[in-house]
Each structure stands twice: as C-alpha cells, then as structure tokens.
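From first to last, the protein sequence lines stand for chains R and G. The working numbering numbers the first residue of the first sequence as 262 and each following residue consecutively. The working numbering numbers the first residue of the second sequence as 65 and each following residue consecutively.
No lab work stands behind these hints: they were computed from the structure. Every value quoted in this text rests on a predicted model; they were computed, and no experiment measured them. A few of these clues could be false.
Said to hold, decoys possible - Facing chain G, a subset of chain R residues (Cβ under 10 Å, in silico): (1) Y293; (2) P305; (3) H310; (4) N360; (5) L362; (6) G367.
Quick reminder that beta carbons are idealized off the backbone N, C-alpha and C, glycines included.
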Amino acid sequence: DAKTTQPNSMESNEEEPVHLPCNHSTISGTDYIHWYLQLPSQGPEYVIHGLTSNVNNRMASLAIAEDRKSSTLILHRATLRDAAVYYCILRGPNNNAGNMLTFGGGTRLMVKP
Amino acid sequence: DTGVSQNPRHKITKRGQNVTFRCDPISEHNRLYWYRQTLGQGPEFLTYFQNEAQLEKSRLLSDRFSAERPKGSFSTLEIQRTEQGDSAMYLCASSLMTSGGAGQFFGPGTRLTVL
Numbered sequence: 262d263a264k265t266t267q268p269n270s271m272e273s274n275e276e277e278p279v280h281l282p283c284n285h286s287t288i289s290g291t292d293y294i295h296w297y298l299q300l301p302s303q304g305p306e307y308v309i310h311g312l313t314s315n316v317n318n319r320m321a322s323l324a325i326a327e328d329r330k331s332s333t334l335i336l337h338r339a340t341l342r343d344a345a346v347y348y349c350i351l352r353g354p355n356n357n358a359g360n361m362l363t364f365g366g367g368t369r370l371m372v373k374p
Numbered sequence: 065d066t067g068v069s070q071n072p073r074h075k076i077t078k079r080g081q082n083v084t085f086r087c088d089p090i091s092e093h094n095r096l097y098w099y100r101q102t103l104g105q106g107p108e109f110l111t112y113f114q115n116e117a118q119l120e121k122s123r124l125l126s127d128r129f130s131a132e133r134p135k136g137s138f139s140t141l142e143i144q145r146t147e148q149g150d151s152a153m154y155l156c157a158s159s160l161m162t163s164g165g166a167g168q169f170f171g172p173g174t175r176l177t178v179l
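Put together the whole structure using the sequences plus the hints.
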C-alpha cells in the first residue's frame, strides 16, 4: 500500500479553521484518499474520502492537490469535540482485494478553548 | 440500525485463559473486518470476511486466534491461551463490497486486559 505522512500533532483554537495536511507522494492513479478520526477510547470514525476532486460533507472538506501527492482535511470551525487523532489513509480500487485500512500514526489534534 | 456493536466492551482475563468477542455489523454490510489497536498506535488489520468466507488473514493473527462469521452476519473472534501481549483494543468494522470509495464503519471495540 502507498504510504502517507502526517504531522504527529497539531494545535488549534476553538472556532478557528483547522487544516490537517497529508502527504502521499507515491499514490497511484486509482487510490482513494480516506480520512478517519478517532476519539479517545472509541473506534475510528469515517470522515470523508475523495479521488481527484475536492469533496465537502457535513463534517469536513477534503482538498486534494492537482497532482494528488498531498491532501488537506479542513475543519471549518474547530470545536472542543474535534480533539481527536486524524488518520489519512489510501485505499485501492479493487473490489476483490479486501480493501482493509492501513493506519499510520495519524495527527493528534488538540483544540484550545 | 444503530451501527456496529461489539460485546463485551471490556474483558479482563488471566494469562492462559480463552476469550471470545462478538461483533454485530451493520445489517446490509457484506464485509466485516477485525483490527487490533495497542496504546498509542493506529489500528492494525487482523482479518476480514466477505459474507461468511474468511478471505484474508494478517500474519499478526497467530494460531491462537480464530475468527468466524457462520451465517454471514455476526462474527466472533476467539483467542486461546491468552498472553499478556494480547492486551489491546479489538475493533470490528463493516462495509459494503464496493470500490475503494466505500467507508468502513467501526464498532466501539472490546478492550482486553490479560493479567
């Protein structure tokens, strides 16, 4: 699986936007970019995914670089409840390959009131 | 349907005992995954099922581990002769069999402590 690189931790102030970066320079043309978050003592939670175009949903936005070698998860207004570990994961397209998730270390987001 | 459920949420056992965990996926999801997570690390893949067939097992899944999904619905993960190194959070996830665009939905996990 192609590897992703994320900062170990980031800090944000409450009610400010947060931009969480992810580098994936070895991404293949058919890999999807997925983001999950994990709150303390809970299972990971799907946030958003994309292939080439930027994506928006009720939780966040995903901005994908034109060359697809990096992406950014955008939380428009951070709240204290957004404090979590955020994982950026690449998944291949093959239906028969299982498509299990390969988690790295993620970025621990701390939100200050 | 309220999502993926796992039971028990916590399990404390003595070394050498057998333990079994259960996962109930989202009802229409045909894929079910097991992951293990130790403190400070991201989850690691253990095994997955497509309907009732176990299609892949990680090398992390030693001979003491066995998983089943007998009717393609709920799944069990059994660990025999537990060791202290088995202490971890065991996570179950389910998804639809689609392209890589499908998200996986995780349960709350079962935290195992082996004394």
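How the hints compare with the structure:
no., hint, in the structure
1, Y293, "4 Å, holds"
2, P305, "5 Å, holds"
3, H310, "6 Å, holds"
4, N360, "6 Å, holds"
5, L362, "6 Å, holds"
6, G367, "6 Å, holds"
The structure shown violates none of the earlier numbered hints.
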